Amino acid sequence: MRLKDTEPGVGTTIEFILPIQYIPGRSVTGEPDPESRKLSLLWVDDDEVVRDLAIRFIERLGHEGMVVDDGKSALQAISEHSFDLVITDLGMAGMSGFDLSDEIHRIGPNLPIVALSGWGNSVTEAERLKHHFRLVLPKPIGLKQLGEALQEVFS
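Number 155 marks the last residue of the sequence shown (our numbering); no jumps.
It is worth saying that the hints were derived from the structure and are not from the lab. Note that this is a predicted model, so its numbers are computed, not measured. Every clue listed holds true.
With a straight-line cut-off of 27 angstroms between C-alpha atoms, the simulated DSS-like cross-links for lysine-lysine are:
#: 1; residue 1: K144; residue 2: K38
#: 2; residue 1: K130; residue 2: K72
#: 3; residue 1: K139; residue 2: K38
#: 4; residue 1: K72; residue 2: K38
#: 5; residue 1: K72; residue 2: K139
Okay, the calculated beta carbon distance ranges per label pair:
#: 6; residue 1: G11; residue 2: D52; range: 45 to 55 angstroms
#: 7; residue 1: E7; residue 2: R37; range: 44 to 54 angstroms
#: 8; residue 1: S155; residue 2: G11; range: 43 to 53 angstroms
#: 9; residue 1: K139; residue 2: G11; range: 52 to 62 angstroms
#: 10; residue 1: G11; residue 2: E148; range: 40 to 50 angstroms
#: 11; residue 1: S122; residue 2: K38; range: 32 to 42 angstroms
#: 12; residue 1: Q76; residue 2: P140; range: 23 to 33 angstroms
Even for Gly, the Cβ is constructed at its ideal location relative to N, Cα and C.
Using the sequences and the hints given, assemble the complete structure.
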């Protein structure tokens, strides 16, 4: 709080300065930052709650994308659309995130992949490199963590 101006018989002007939360890809008003690059993301998770959250996170960070529930759907989406990044859960029925990443790397070796793991820090650096993950992040992931991860991958 700062006293900005005061005049007897007229009034006083006080200025309040409040801290804000910075979210990468957003301006200080919370709107998408026009200077930020709009990314096209593909998010793969077999948990419906996580998929719903993913949609909100992608929109909130000012990006666009698609959210699918399995590896087969992800590979179909990649064959039909162009994405800047894939975010995948590791522990999915059918095709695991490890298998999905290997297949994505085989067909498009330059497409960055970020893994989400509910298994804590059990993915070793050797496994991360073997399966071509740029990052392995713990679940649950927050909006701030996701924004920071995107910034790290694309900086």
